[in-house]
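**Q** Protein chains in written order, with our numbering: chain V, 4 to 206; chain B, -10 to 508.
To be clear, the hints were calculated from the coordinates, so they are not data collected in a lab. It is possible that part of the hints are untrue.
[Unchecked claim] Some chain B residues flagged as far from chain V (calculated, every beta-carbon gap over 12 Å):
1. Q30
2. E140
3. K168
4. H200
5. R203
6. L250
7. D275
8. V296
9. E324
10. R329
11. N355
12. P373
13. S431
14. M473
15. N476
[As the list claims (entries may be wrong)] In silico BS3-like cross-links for lysine-lysine, where the CA-CA straight-line distance does not exceed 27 Å:
16. K137/V / K357/B
17. K506/B / K60/V
18. K393/B / K137/V
19. K506/B / K137/V
[Unchecked claim] Now the stretches of chain V that chain B is said to cover, found in silico as 3 or more residues with beta-carbon under 8 Å:
20. 9 to 23
21. 72 to 78
22. 88 to 95
23. 101 to 107
Idealized CB from N, CA, C, for every residue including glycine.
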Amino acid sequence: MNSADLLALRNPVIALILILALAAGLIYYLDQSLTAAKRELAGQQVQLREARTRLQKSGDEKQIIVRYLSNYQYLQRLGFVGDEQRINWLEGLRLSNQQTQLFGVDYQIGAQQPYPYASELEPGQLTLQQSLMKITFRLLHEGDLLRFLGTLAKQGVGVFSVNQCMIQRIDTGGSIRFQPNLQAECELAWITARPAAPGDKKL
Amino acid sequence: MASKLLISVSATQVCAARWQGGRFATCSVFDNSEEGLSAFQEYLAQIRNLSVHMMVDAVEEDYRIELLPHAYGSERNEMVNRKLKQFYRNTPYCSARRQSREAGKRRDDRYLFCALTNPELIAAWVEAIIERGLPIAGIYLLPTVSQGLVEKLEIDQTNLLVVSIHSSGTRLTFFRDQKLRVSRLARIDLAGQQAIEGYAEEISNTRLYLHAVRVMTLDEQLSVLIIDREDSLTKLAQAIAQDSQNIECRRLGRQEIISSLGISASALDSSSAALYLHLLGLRAPDSNLAPADITQRYRQHQGQRRVYAVTGATAFAAAAWCAMSLYQIFDTQSETEAARRQTAQLQAQYQEATRQFPAAPTTAENLKRAVDISQKIGATTRSPEPMMRLVSQALDRHPAIVLKTLGWKYDRTDIDAEPGGRTTKPTAEPSAPPIAVGRKQSGLVEGDVRPFRGDYRAAIDEINRFADTLSQQPEVAEVRVVKMPLNINPSLTLSGNTTESLEQTGRAEFKLLLVLKQS
């Protein structure tokens, strides 16, 4: 094949290259469009399955609402579901101190943060948060600690778990007067739950 | 079948026919003269984009059978080209075709060399075609085209002589084993019965010639095929059959030509070369006389056609692919739309169903989960009471131990304490499973031994016994002494006073770490 032969092939080859480029571009574009369409279909089918399942389970859902609504409302009043009720916690501390006849409670509440054991509780669409409260108070004897914690739990001001306690003997110099002999320092985790997506709420 | 222009050139006339759809309607005939050439050029002016196949019927031709050593590829080409140059120095129109292999030991290849020895005969016509810009696909000798006739009629006689009457004379072409061996054009300017006798004589002469050049002997049977397109050679066939021995004669009449070869009557009548043009249109022979510079435009034309064919195929494939993709996209979109409609319908039904539900602040799932989670938190909440009870019971059994600090922690990690120290594992359940990774209760007991009068051995023994007492409790997973009154680590400095006194001297302080089993 000489240069004249090659020259004669110039226009056909240019046409071939143009067609190849056009074909490749079209095929790529349509492939992308098809992929997007399939993705959209898959998403829509998931929604359809969910809608079908939700409709099928609507009877069960009604039963669940009937069964759990009162408990849920109690948890709302308790302060477990919804926003933090810090005023209620402090009121609970004050009342517990009074009722157990202790010598006052020092407290410090940290910033709200995600509850570290949430995954063990399978929260679903609920968001679990905790606020760590450090309390320091003095005791006549070690039994006062348990009494105080028990009284605080019965106040109904929220859900908490005791993470840590430290009891130390206070040097009283051998006096037997009505005075504190021990100092306790505890860390409580006040736990709250909140539905993550407000759009899911059914009024 | 591709359209093409078929041209036959003889010493007297030139015929041209447009091959289209596997046949041609009629031939245009031009005299082989200046006027004829001008008319031919006018004819060509109307032709566009057709490749040209040219056939030459002339006396100035040559056929040679040569045996060459069997070879392949470029070696064979070089050898054949060398022979062509050797045989035909004065003409560019020559070719060689390998016909068969010899049966001898050397197994040589048998080649048919042929050439148009007078290139001037077609020069003006070829030039006219090239000037018009039409690509010349090939130039062939008429006898090589008649090879197609033998194949088409499926004639299997060993020695076959094809006789046909043309404008330029009587063409006698001999085939041995269905392969072209030699051909000659004889001029017979007679008419009527004399012409018949003249043809018969030429056939007889040809037979003698074949015998002389040792192509066949006179004893061998010769088959003569008379191409009689005008049904005027009936007597010739009879004459040959009566007068000659060892000759088998067959006449191919007009009707038989039309029916067996597929040529139309009008085309057959238009020229004496029409039948061979038809054969050329059906299949071009391998013996192409045209040199490379003549067929250059055809090669380019073919190359362009191939690239355009690839382009067309690519465009078609791409279009088919795009059509398929578009169909799939529309199909998928319609399926999505159907799913969307169905979802909306189900959601509407669900909304209708939820109107029967009691008013709730959140979804049923959230209601259930919130309640379940609160119960789980309640179940997993721990109090320091068990730890305090354990320590209290142990203290009752060890009055010399005085407690200063009691720590308790419920977490994945143990309560902070100094690392190291002696570990006392409980002996009650030696095969207890390892502690799983999870929250556990741990405690820190800080105290001292009283009274302490400097007897470290007794104090340490008391602490160890206290630790043993704790570790024997079934709830305890591990007890670790993290601090002793006296650090006997050889790597540290140790100093003190051994004076004994009844009073308290110094302190025998210790720290114990307790870990309870997970519950």
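**Q** It remains to establish, for every hint, whether it holds in the given structure.
**A** Here's how the hints hold up against the structure:
1. The claim that Q30/B lies off the interface holds: its Cβ sits roughly 24 Å from the closest Cβ of chain V, which is beyond the 12 Å cut-off.
2. Its beta-carbon lying about 32 Å from the closest one in chain V, E140/B satisfies the requirement of being farther than 12 Å from that chain.
3. Remark: the non-interface label on K168/B is consistent with the geometry, its nearest Cβ contact in chain V lying 33 Å away (cut-off 12 Å).
4. The claim that H200/B lies off the interface holds: its Cβ sits roughly 48 Å from the closest Cβ of chain V, which is beyond the 12 Å cut-off.
5. Every CB of chain V lies more than 12 Å from the CB of R203/B, the least distance being 44 Å, so the non-interface label holds.
6. The Cβ of L250/B sits about 36 Å from the closest Cβ of chain V, beyond the 12 Å cut-off, so the non-interface label holds.
7. No beta-carbon of chain V comes within 12 Å of the beta-carbon of D275/B; the shortest separation is about 22 Å.
8. Residue placement check: V296/B does not keep its beta carbon more than 12 Å from all beta carbons of chain V (closest about 4 Å).
9. Against chain V, the non-interface label of E324/B is violated: not every CB pair exceeds 12 Å, the least being about 6 Å.
10. Interface exclusion of R329/B from chain V breaks down, the closest Cβ pair being 6 Å apart, not more than 12 Å.
11. With a least beta-carbon separation of about 5 Å from chain V, N355/B fails to lie farther than 12 Å from that chain, contradicting its non-interface assignment.
12. Its beta-carbon lying about 5 Å from the closest one in chain V, P373/B breaks the requirement of being farther than 12 Å from that chain.
13. Annotated as non-interface, S431/B brings its C-beta within 12 Å of a C-beta of chain V; the closest such distance is 10 Å.
14. No Cβ of chain V approaches the Cβ of M473/B within 12 Å, the least distance being about 20 Å, so the stated non-interface status holds.
15. For N476/B, the condition that its CB be more than 12 Å from all CB atoms of chain V holds, with the nearest at approximately 23 Å.
16. Straight-line distance between C-alpha atoms of K137/V and K357/B comes to about 31 Å, which puts the hinted pair past the 27 Å bound.
17. A distance of roughly 42 Å separates the Cα atoms of K506/B and K60/V; the hinted pair therefore is violated under the 27 Å criterion.
18. Distance check on the hinted pair: K393/B and K137/V sit about 21 Å apart at the alpha-carbon level, within 27 Å; holds.
19. With a C-alpha separation of about 26 Å, the suggested pairing of K506/B with K137/V holds against the 27 Å cut-off.
20. Against chain B, the region 9 to 23 of chain V contributes 9 residues with a C-beta closer than 8 Å to a partner C-beta. That satisfies the three-residue criterion, and the hint holds.
21. For a cut-off of 8 Å, the count of residues in the region 72 to 78 of chain V with a CB near a CB of chain B stands at 5, and the three-residue condition holds.
22. Remark: the region 88 to 95 of chain V is not confirmed as covered by chain B, as 0 of its residues place a Cβ nearer than 8 Å to a Cβ of that chain, below the required three.
23. Against chain B, the region 101 to 107 of chain V contributes 0 residues with a C-beta closer than 8 Å to a partner C-beta. That does not satisfy the three-residue criterion, and the hint is violated.
Hint violations for this structure: numbers 8, 9, 10, 11, 12, 13, 16, 17, 22 and 23, all remaining hints satisfied.
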